[in-house]
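Residue numbers (our numbering), protein chains in the order written: chain D, 1 to 378; chain H, 1001 to 1378; chain X, 2001 to 2378; chain V, 3001 to 3378.
No lab work stands behind these hints: they were computed from the structure. Keep in mind that the hints are not guaranteed to be accurate.
Unchecked claim - In the DSBU-like style, the derived pairs of lysine-lysine whose C-alpha atoms are separated by at most 35 angstroms in a straight line are:
{"no.": "1", "chain 1": "V", "residue 1": "LYS3191", "chain 2": "D", "residue 2": "LYS159"}
{"no.": "2", "chain 1": "H", "residue 1": "LYS1273", "chain 2": "V", "residue 2": "LYS3273"}
{"no.": "3", "chain 1": "D", "residue 1": "LYS191", "chain 2": "V", "residue 2": "LYS3246"}
Keep in mind the model is a prediction, meaning the values are calculated, not measured.
Number of protein chains: 4
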Amino acid sequence: MPKKIRLGILGGGGDSLIGVLHRVASFINDNYEIVGAVFNPNYEDNVNFAKEIDVPTNRIYKDFDALVEEELKLPEDERIQVCSILTPNFLHFPMAKKLLENGFHVICEKPMTTTYEEAKILQDLLAKSGKVFAVTHTYTGYPMVRQMREMIKAGALGKIHKVDARYYQGWINAIIHDKEKRSSVWRLDPKKAGISSCMGDIGVHAFNMIEFTTGLQIKSLLCDFNYMYDDNVMDVDGTVLIRMDKNVKGVIRASQVATGEENGLAIAIYGEKGAFRWEQEKPNFLYKMSDTEPVQIYKPGHAYNSELSLDGTKLPPGHPEGIFDAMANIYLGAARAIRGEKYNDGEFPTMLDGVRGLNFIESTVASHKQGNVWVDME
Amino acid sequence: MPKKIRLGILGGGGDSLIGVLHRVASFINDNYEIVGAVFNPNYEDNVNFAKEIDVPTNRIYKDFDALVEEELKLPEDERIQVCSILTPNFLHFPMAKKLLENGFHVICEKPMTTTYEEAKILQDLLAKSGKVFAVTHTYTGYPMVRQMREMIKAGALGKIHKVDARYYQGWINAIIHDKEKRSSVWRLDPKKAGISSCMGDIGVHAFNMIEFTTGLQIKSLLCDFNYMYDDNVMDVDGTVLIRMDKNVKGVIRASQVATGEENGLAIAIYGEKGAFRWEQEKPNFLYKMSDTEPVQIYKPGHAYNSELSLDGTKLPPGHPEGIFDAMANIYLGAARAIRGEKYNDGEFPTMLDGVRGLNFIESTVASHKQGNVWVDME
Amino acid sequence: MPKKIRLGILGGGGDSLIGVLHRVASFINDNYEIVGAVFNPNYEDNVNFAKEIDVPTNRIYKDFDALVEEELKLPEDERIQVCSILTPNFLHFPMAKKLLENGFHVICEKPMTTTYEEAKILQDLLAKSGKVFAVTHTYTGYPMVRQMREMIKAGALGKIHKVDARYYQGWINAIIHDKEKRSSVWRLDPKKAGISSCMGDIGVHAFNMIEFTTGLQIKSLLCDFNYMYDDNVMDVDGTVLIRMDKNVKGVIRASQVATGEENGLAIAIYGEKGAFRWEQEKPNFLYKMSDTEPVQIYKPGHAYNSELSLDGTKLPPGHPEGIFDAMANIYLGAARAIRGEKYNDGEFPTMLDGVRGLNFIESTVASHKQGNVWVDME
Amino acid sequence: MPKKIRLGILGGGGDSLIGVLHRVASFINDNYEIVGAVFNPNYEDNVNFAKEIDVPTNRIYKDFDALVEEELKLPEDERIQVCSILTPNFLHFPMAKKLLENGFHVICEKPMTTTYEEAKILQDLLAKSGKVFAVTHTYTGYPMVRQMREMIKAGALGKIHKVDARYYQGWINAIIHDKEKRSSVWRLDPKKAGISSCMGDIGVHAFNMIEFTTGLQIKSLLCDFNYMYDDNVMDVDGTVLIRMDKNVKGVIRASQVATGEENGLAIAIYGEKGAFRWEQEKPNFLYKMSDTEPVQIYKPGHAYNSELSLDGTKLPPGHPEGIFDAMANIYLGAARAIRGEKYNDGEFPTMLDGVRGLNFIESTVASHKQGNVWVDME
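Can you make the complete structure from the sequences, with help from the hints?
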């Protein structure tokens, strides 16, 4: 009979979509209670938002530093246990760093940091701290993604020899084709958004999905970006040739100019004995193929599913799971870790996933900028 | 800046799936706080469950009557404002009746009552009470179901002339084909489950979906049930021929022995100018057809969607909505009504939907038992 | 090393679509050669069409009677062996009758005749003649339809307990909603089109599909038609409740006013151990479902397919089969029968299928006209 | 009222699948008559096969040279007008060369030759000959592929900025993973199959599909192959980064080890105003997407389709077109050209398509072998 975990929120106020997603996810499995927050840099907006969503205002702080300072004054059994970092990317690193240094668990949006170097600093810090650190690669929380991972681990595909992951969106078209807009939007400003737009924002999810489901690591890559216009220096489209183990190859395709695509994350994994295909927009349908048998469609909530998949399914077959469920599964895993309970590998993405992600992003930029050469990942 | 609505829960404890669904739905839009409950008939289980989900135990009551009695003693601004009834069907009526008589709003699972007569009694009571009464026909909360309704209302299909709704499941096979099981399960015992199994449990959702989306009323019907075995007296499958306005006809197909079907609610609506097709298991895809134009696929969250649809969409296009979102939309509409805020027709199913549902179920049974004759609905 | 079968064609000239379909089907498996024809009632058009498609004009006759008379004068090894009847429905019976009486094999479009009585007369005649008679229920020629039949026969679904077949089209909307057009089109004139429009034209295919795939016979039915307008006496939409063996029930849904539907023939068959779903517009995908296993998608051309299915597949998996292939499979089966070679049950629809079809159509009309009562089939 | 074109066939005897495909395609639109052939290198098999498919044996020749020699002796109005080359790849070039030199039209399977150099020799020869030369890139014959091309030409997508084409199959798994088989199969022997397996056999179709539909030319490429095993020297998988006009980029993905994939050719084309997605295994469904409107599904046979698309559709909407229809459309276009009739650009792939294909294949091999560098196409 667990007591709810005391959760602090950084960012995610107002109309923030990521704010809704994290809040709902924290509610779904009855594990968290929001006790403190800095939803907004403007203190008045901050307090008003807390009232709007009915969070007590006594622990709504004027800024992040105040939150840390004041919370540390509270007795340990009242203090925030874990903070969710939902702020702009460049704040992830300083916030995560300070939180770890002061004994808080962390749930951090991706990209975990803006550079691989920062990511490795956090990694060292975490090792010493003994705390829980979850990076919200939301899509790994879908029951059928977990099903892929478990079946692959159990050998259902045999040796994997080819992987193809895609993340296509079209939303940046309205910006990139407009000279005014593309020169003013923060997403295309390297100072604000980091060294990559498309690969850093969505390509990294495709990368993470491959490593999460297959259990393999990408060893080297060769990347070609498209900036679309000469006056734009941020990638809005890119294709990455990848090499994993010897003769295991693949491709990651990411685009923000794939007109009409909404949130088109998809993966296909081919092995000696079978293959999987899955698409995020129809998350409850997992296709298992082989060269000799009829295609099989796996769906959530069945007795034939793996334990990890069933753990992330709350309702019987035929009741569609959505994105809130996926994020909620990650919060559930993190809750178990925070409470020191037993949990399975794969229940939530750890800092290691964040570190790999930054390594990936920087490698793609290096490959493209050096003229589409192969770059080794660490 | 609204204060959260004080919610009481009746039933839904332990592993109850419907309990999870309502609880999550109440959280999602930050509108409700669970302040009191009778989760379970056993008081110890009841309290333990409250602890497990971290609801304060001071207002966990030993039974429904105690809840009403004790809550009425509290000052009005602390008292439960609305109760969700998640108990077995035969308890819906007495609970809903007493709640309305004592000034509580009600959110009630379907079927609203076990007889049409009871439903009409509640209807009279509600008219006098001035309270809000929502029946959780969950599926009307999906953004694309709302989109159909609004577009039909705006004339997108022209005059509707044919409707075809289906609700197919296969789960009762494991019971019905086993003589022992089918004679002992409460679902097939008319004393416990009411006069209909298949039509009362799922056919009524298909019925409701037709009336919700088209705005038309079914005037008469002819029904054929299948009991599968001579020693079973409850329908596990049924087909209903329906007539709406003159020369507007259709069919409702419901089955619990449709092997391999999970939760196969679907609707097709054909009009002079166009048609819609929608399936619950892929709720984010609405197909609009015409005789002369390419088929169109509507998806949630786009600027082209209706206000009612967008109101029920929390995230941008491509982030799959699931069943929790659908139920949450109904809770949101009810919250607005409870607070006396403005809300649109169709935001949540009202008691009238419940009354129509019971009228439908009793009419199907009458039609079948009288030898598949046409029966008028009121 | 067979010699090609000498084929005569009745009807199907000019832009006739059914003409193209039969001609191509006869070519596909290298079994037939068109040697004589009456493509058109106008002799000049008839000859010109023969030239256009490069059929020798010496055996293009001025009318059907001339064709029979002249062909009988030819030596038996030059004479037409089989005639395809592609004329308007009311001509099917007299032509088929005379052909059988004069020793020709027959391939006949459906409906085989315009009345059940005529159908039974042909049936008697055929029994005496020892000839081959194929009715072109084209859709039974699809490889995956054959796969269903064979797997059901082999027990893959266990005892079947529910069947649901649909044939929805929308093309008659443009006619039925126009008072002028609906009173002048031959399709809605009982003198020209027989006693039923929708059920006779397409409902009968759904009926045939059920009996072909399940091996069960429909014993009784109850039907409701929709005429849409009071000045129209032909059904353009209808739903049929059906009963097969005891407690085996189902529904046939047919419509010509299902706006936006093209050629929406589909079937779902539910049994104790499993179920099938198949749609004509995606003919290469057969879905096998069960309550406990992942859904399976069967596709043509695989080693796992039945002999009958593989016999109707000419290319490797992944090369889409279309409607020409389906019709060609029926011509192939008929060719084997005409040559007296061994063939399997199910390779082509026989006269019995035609007889059952007429029995079905007349029964639906009787049920509707008598006030939606149950009518027994023979 | 055209007379049928006199067709000769080279190869395609016995169980040859490509033989069936070409023969059926030549029948479908009543344009061709097979008058001579060398179906098989063995003369007895050759003649027997002719008897089996009922082709007169008097012009079945012992070899290709005899065919040319003897046909040239016949009067021009009896002589073969066009030859279809269905032999192993290395024979395409010498046969096509001799046919052109002797005044025959040619229909040639792809790859047109085994080297780019040979392709250019044919190109020169063709320019002088004034003959028709069709390369059977079958997939361009599908009505919805033609629809894409025409709509793109008419500006439906605006300026195209990204292209993604895939051709995935899994059939070589059974060979490549078996040391014995992979060292003995002709497909993986460069002497017999040319310099590339995967890219030469299927990647080139994806390449052709891009250039056919978009009207753009690929200017340079960078390629990575996978040989899977060190003792194998032929690509069985490859990914190609492509650049078309400035800032117009894309990817071609081809694989023969994509386990469970059958014949997975697919294309996605993204432009400023809209996008297309199409898959060969569901050839009758063309998806048009935009950032602001509902997705549209185009299907064959509608009045809204382009002239070129409708020209390739023989039946009304809802009657599935298959691979035979696609090939038949190419034969139809070639027939018009052979007869000197008017035909539209795009009705059949010309030698230019063959030349581009060889240029592509050689470029991919060069890119891979030189260490994944960019290679310009001519």
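Now the hints, each set against the structure:
no.: 1; hint: V:LYS3191 / D:LYS159; verdict: holds (30 angstroms)
no.: 2; hint: H:LYS1273 / V:LYS3273; verdict: holds (27 angstroms)
no.: 3; hint: D:LYS191 / V:LYS3246; verdict: holds (27 angstroms)
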